[in-house]
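Single-letter residue listing:
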Amino acid sequence: MARKLLLEKANVPGIRGYEVYRREGGYASVEKALKNMTPDQVTDEVKKSGLRGRGGAGFPTGMKWSFLAKPEGVPRYLVCNADESEPGTFKDRYLMEFLPHLLIEGLIVSSYALGSKATYIYIRGEYAWIPDILEQAIAEARAAGFLGKNILGTGFDCEIYVHRGAGAYICGEETALLESLEGKRGNPRIKPPFPAVRGAWDCPTVVNNVETLAAVVPIMNIGGEEYAKIGVGKSTGTKLISACGNINKPGVYEIDMTISVEEFIYSDEYCGGIANGKRLKACIPGGSSVPILPANLLLKTVKGEKRMMNYESLSDGGFPKGSMMGSGGFIVLDEDQCVVKHTLTLARFYRHESCGQCSPCREGTGWMEKILKNIDTGKGKKSDIDLLWDIQRKIEGNTICPLGDAAAWPVAAAIRHFRDEFEWHVDNPQECLVRNYGLAHYADPLEIATPA
Amino acid sequence: MAEEKKLLKVTIDNITVEVEPGTSILQAARKIGGDVAPPAMCYYSKLKGTGGKCRTCLVEVAAGSTADPRPMPKLVASCRTNVMDGMVVKNITSEKVIDARNGVVEMLLINHPLDCPICDQAGECHLQDLSYENGRPGTRYEFARRTFEKHDLGPYIQLHMTRCILCYRCVFTADQLTNKRVHGVLDRGDHSEIATYIHQSLDNDFIGNIIDVCPVGALTDKTFRFKNRVWFLKPVDAHRDCNHPGCKGKVTLWYRGDEVFRVTARKDQWGEVEDWICNECRFEKKKTSDWTIEGPTKVSRHSVISQGHYVGVQRPQEVLYDVLDGRKPKLLMDIHSVSEVNRPDIDLSKIEGPAHSTDFKND
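Residue numbers (UniProt numbering), protein chains in the order written: chain U, 1 to 452; chain L, 1 to 363.
Derived by calculation from the structure, the hints in this document are not laboratory data. Glycine is no exception: its CB is placed at the ideal position from the N, C-alpha and C atoms. Heads up, a few of these hints could be off.
[Claimed, not checked] Computed list of lysine-lysine pairs in DSBU-like fashion (alpha-carbon distance at most 30 Å, straight line): (1) K70/U / K6/L; (2) K74/L / K234/U; (3) K234/L / K286/L; (4) K70/U / K48/L; (5) K248/L / K47/U; (6) K184/U / K48/L; (7) K150/L / K184/U; (8) K184/U / K180/L; (9) K184/U / K46/L; (10) K191/U / K31/L; (11) K46/L / K321/U; (12) K191/U / K46/L; (13) K48/L / K321/U; (14) K303/U / K74/L; (15) K191/U / K74/L; (16) K48/L / K191/U; (17) K74/L / K370/U; (18) K74/L / K184/U; (19) K70/U / K31/L; (20) K46/L / K373/U; (21) K370/U / K286/L; (22) K96/L / K382/U; (23) K381/U / K96/L; (24) K191/U / K180/L; (25) K191/U / K234/L; (26) K370/U / K150/L.
[What the hints assert, rightly or not] Which chain L residues stay away from chain U? Per the calculated CB distances, all over 12 Å, these: (27) K9; (28) P73; (29) H112; (30) Y168; (31) T178; (32) G271.
[Unchecked claim] Label-pair ranges, simulated between beta-carbon atoms: (33) K6/L / D132/U: 52 to 60 Å; (34) E19/U / P71/L: 53 to 61 Å; (35) A128/U / P245/L: 44 to 52 Å; (36) K35/U / K31/L: 42 to 50 Å; (37) Y321/L / G233/U: 48 to 56 Å; (38) A139/U / H191/L: 37 to 45 Å; (39) D68/L / E72/U: 21 to 29 Å; (40) M72/L / H352/U: 28 to 36 Å.
Only chain U is shown next, with the shape it has when bound in the complex (with noise of 0.2 Å):
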């Protein structure tokens, strides 16, 4: 049984209210740093813990902090990314929704080690009934005196704001955040300057995941070092998976890194294996915009390793024989699923989820769903799968924000591993509208390149 950090207590009666997390040893940690350590200590407990940002970039979080601007007379902002709308992710809802107050000690302590004085979540739209939940926790935990001024008689102020988003993906980026935080359409900014120097309303701000920002918790509850210790490598601690798709059990769980993904997948413990004794045909393995791996690249890696459930061995072949572990929304396709639907799916959420402000990503997103669709319903041609890859080509790296690199992604994955499956829709417009293409030589052993 894997190591829990974070949904330790998840099933915990009552663990929602203040009194029972209170009971369970909650609050422990802002009772810790506020009295015993200074800002810049929980900054390098923060760094110690080698901890990287849950959102999906994976960027060390103790470096972003250390690179907030900290100028005299300006207020500085913690701004906590709720924003969760990547299809196939959920952990950050399970999180808000079973242990509200987990979210709100580590924002407490995240703000006491940046100098935030107000604190904002912004939550997606559509998760209309977490607000309600937030705002409880943050109304017991103010009651219970670890919010508003002068917290545990420490001298040190701050407040929590819950915003509520209008329900756009493309908020879910730091600085389009930013601007719907501000009131504006939400576009994202054009960088530098970043927000660690110039965010809300021109101010540093640092712009954390939920999970992130949670893991504070368990970091200062039993030291940067000791959280270190877990996982492999520049992987550390515990993720959060959110699991689903062809799968017997669907759901959030808690991993810590050193597992592989065949046992991943076919564990009772986690996803309990494939639905219905279907084969595995491909994976998505970090939300939807992270390329998708076809069964026998997702089990091992080019070399001919296991593939592990951490950052470097998901992204172990960089784009063209591997993947990433991104937010950790894991998609699994069985060998009923068409990839080109799936893609098709894809590129039509990116269309319509993209912001429309550089030209690239507005007219591009469009295009390619288009082209997909044509390809779907046995219009396509052969030319469209390389019209399709020199579209996602001029797309990626080209645009203000990374929704243009992922809306390309899931596209150029689709067609690097699974071209087959495009051509054989191309050449058969009828069988390809009442069958699919099953599994074919997915699954098939890896030939390992031996060294000459």
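Dock chain L against the given chain U, drawing on the hints supplied.
Chain L alone, transformed into the frame defined by chain U:
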């Protein structure tokens, strides 16, 4: 005494210039001029906060600065990236840039109606110039182009949303020139559009300037609509004493015969307005007697309009020699990549005179 500002050296396409700190790569390139200056569809030096959106001005930064000579991993928007001392930038000498720009032009055009034959902007349209210079001959787009419901913006300004490339310039203009912005960008993604949310007309005294800043024919002058093609008109500089504070009354009159067809602000060689003008000057004063004529406008933009036989056309400076390091631009193609009858060490652009068979002799 003011402290002397340290100038930064930046090399763009093999040409080095010295610029003040805080200058963008695009501004530095415009200082060199000619083909080295990247095209800009959304950036407008007179409007704060513009740029970065259209991605046509992408350049490759081959070396970040003297202190940190690492190249930047991605192409950067030159309009919003400031130069550093010792920066090395590649614009037209980078294949990556040419390729990316080609892609951007294609993306801009896939939903553009290409109704140039009936568009009032034709001839002075930045998208036309851009696609002539960087576009491909045909389109690969096989779908119906995007259309929008019509919006009426009042008696002066005609909106053709299908032509819009969403540069946001008109939004910034209304924000910075007028006291109240009533139009903006609605919706998102490829269905976003410029409109007033509740139908109302734009009637601010300076709102006419959004016609001048629009790089395409999305916002056109209703008083000039379908009256004439711009290349048949003769631009003449003129001024009048305008009572409106903020308007200097310096304009360009566009004549055909002795009739003034339209009045616009004066534009510089990058197509940017020199001084904003008020609606009265632009829409109401269309008689020669309203104006003091200064003389023919010096046309310096290398657009279709300069193909007309105007007095004193200023050609853009030729920079190809400098880009090629002083060599003559007789061979832009590398012969080594197409021919095997050569000496591998010879660079054709370095030999004097035309190349002969002797230049390729192996012995």
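Hints versus structure:
1. K70/U / K6/L: 27 Å, holds
2. K74/L / K234/U: This hinted pair holds, its Cα atoms lying about 25 Å apart.
3. K234/L / K286/L: Holds, because 14 Å separates the two Cα atoms, which is no more than 30 Å.
4. K70/U / K48/L: With a Cα-Cα distance of about 26 Å, the restraint between K70/U and K48/L holds, given a limit of 30 Å.
5. K248/L / K47/U: 58 Å, violated
6. K184/U / K48/L: Measuring from Cα to Cα gives roughly 17 Å; hence the hint holds.
7. K150/L / K184/U: Holds: K150/L and K184/U sit about 25 Å apart, inside 30 Å.
8. K184/U / K180/L: 16 Å, holds
9. K184/U / K46/L: Cα-Cα ~22 Å, so holds.
10. K191/U / K31/L: 24 Å, holds
11. K46/L / K321/U: Roughly 47 Å separates the two Cα atoms, so the pair is violated.
12. K191/U / K46/L: OK: K191/U and K46/L at ~21 Å, within 30 Å.
13. K48/L / K321/U: Outside the cut-off at roughly 44 Å; violated.
14. K303/U / K74/L: 29 Å, holds
15. K191/U / K74/L: 13 Å, holds
16. K48/L / K191/U: 16 Å, holds
17. K74/L / K370/U: 28 Å, holds
18. K74/L / K184/U: Holds: K74/L and K184/U sit about 28 Å apart, inside 30 Å.
19. K70/U / K31/L: The given pair, whose Cα atoms are some 36 Å apart, is violated under the 30 Å limit.
20. K46/L / K373/U: Not satisfied, since the Cα-Cα distance of roughly 43 Å exceeds 30 Å.
21. K370/U / K286/L: 48 Å, violated
22. K96/L / K382/U: Given pair K96/L, K382/U holds - Cα atoms ~26 Å apart, limit 30 Å.
23. K381/U / K96/L: 28 Å, holds
24. K191/U / K180/L: It holds: about 28 Å lies between the C-alpha atoms, which stays within 30 Å.
25. K191/U / K234/L: 43 Å, violated
26. K370/U / K150/L: 25 Å, holds
27. K9: K9/L is indeed farther than 12 Å from all Cβ atoms of chain U, at 21 Å.
28. P73: Per Cβ check, P73/L is inside 12 Å of chain U; nearest 8 Å; violated.
29. H112: Not fine: 10 Å to the nearest Cβ puts H112/L too close to chain U.
30. Y168: The assertion about Y168/L is violated, with a minimum of 8 Å to chain U.
31. T178: Non-interface label stands for T178/L: nearest chain U Cβ at 18 Å, farther than 12 Å.
32. G271: G271/L clear of chain U: closest Cβ-Cβ about 18 Å, beyond 12 Å.
33. K6/L / D132/U: 52 to 60 Å: 56 Å, holds
34. E19/U / P71/L: 53 to 61 Å: With Cβ atoms ~57 Å apart, the hint holds.
35. A128/U / P245/L: 44 to 52 Å: For A128/U and P245/L the Cβ distance comes to about 50 Å; the hint holds.
36. K35/U / K31/L: 42 to 50 Å: Hint violated: Cβ distance 58 Å, outside 42 to 50 Å.
37. Y321/L / G233/U: 48 to 56 Å: About 54 Å separates the Cβ atoms of Y321/L and G233/U, which means 48 to 56 Å holds.
38. A139/U / H191/L: 37 to 45 Å: 40 Å, holds
39. D68/L / E72/U: 21 to 29 Å: For D68/L and E72/U the Cβ distance comes to about 28 Å; the hint holds.
40. M72/L / H352/U: 28 to 36 Å: 31 Å, holds
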